[in-house]
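All residue numbers for the sequence shown refer to this note's numbering, where the first residue is 2 and numbers rise by one.
Bear in mind the hints are in silico, worked out from the structure with no lab data behind them.
Each hint can be trusted.
Straight line, CA to CA, 25 Å or less: simulated DMTMM-like cross-link-like pairs of lysine to aspartate or glutamate:
no.	residue 1	residue 2
1	29	202
2	207	152
3	57	121
4	207	186
5	117	173
6	78	121
7	57	84
8	57	46
9	29	121
Between beta-carbon pairs, the in silico distance windows are:
no.	residue 1	residue 2	range
10	245	135	15 to 21 Å
11	51	96	50 to 56 Å
12	306	131	35 to 41 Å
13	47	117	19 to 25 Å
14	148	47	49 to 55 Å
For glycine and all other residues, C-beta sits at the position ideal for the given N, C-alpha and C.
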Amino acid sequence: SEAHYVMLPTQGNIYSLAILNLSSGINKFIVASLKKKIFLLEYSETSEGALKPNVKEISFSYIPSGAEIIGVDAFNKSDTYDDFQIGLVTAKGNTDGSCETYLNIYSEQDIDNNNKLNIDNIAQNCSMVELSFIPYHLTHTYLLHHVDGSDSKEIVWLLSGSDYKIHLFIEDRQNHSYTETDVTELFPELTVLPSCGLWIDIRYSKNFTRRVSVVGCECGTVQLSLVDAETNTVIFNQFSILDGPITQVKLFSLTAEDIHLPGFLKSSGFEGESCSPDGLKNGSFIPDALKNRSCSPDALKNNLHLVACNALAPTVVFIIFTL
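Given only the sequences and the hints, what does the whole structure look like? Please build it.
Structure, rendered in structure tokens:
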């Protein structure tokens, strides 16, 4: 059930929400509405121990007058203190029918190892990148570097566009700016798409030696790739086609503690560690993808799950595969 409601001045879209994961373990949310209004949502605890919602409007600089906010994303560059980057993609229609589109990336400068989130300061420090396409999904992921036997990683921006491409933006720390870099060498699995990518999700596994990338496309294609992250070699690609645009895809893992059987399965006698059909009674059905799979912790940690949502029909596809 809903605990609180927050009224927005205008509607948002599927890209209008971002999570701020603070180093303290607290989460805050950024919600954007189409007409330039951006809000920070958080909870504070009252003296009675109750949670009180707080909503604060944030004035981000360098958003063109009349522009619409297409999407927002954010990440913390540090695990021990708050060093956030917040990305906004905007679009503004002109009277001649053309459209101006931008990627704005906000961050703090001159921070120290005890830095705490100051979103008002972040909102005033902007690096602006003009785009030549209509932006869709803005997200981020790790980019691995292997130099002279040592490994390092940095967080980079990925942005899908109306040109059927996924664009990669990397920080130029020396010049305090961002440059677009071709994805072909760094993310070869994202080089060719059958249509516009509506959602991107990427997950690393096996100590960052494997990368799983999935893209949900406007044409209904779900493109799944397994990549050797050390050599950037695509191990395999898999394509599934649904009957409508794929508005979201999500990769996730489960542990034994995450699995709670619904009541109808418990009443059917499906309990214990086996996921095989032998655990089901009274004619209950389990999908072929789950047959002969173990739910033990050792087996689960090697399984990756994919959920894909179809926009035009109430369809959710759930896939399990082993890395």
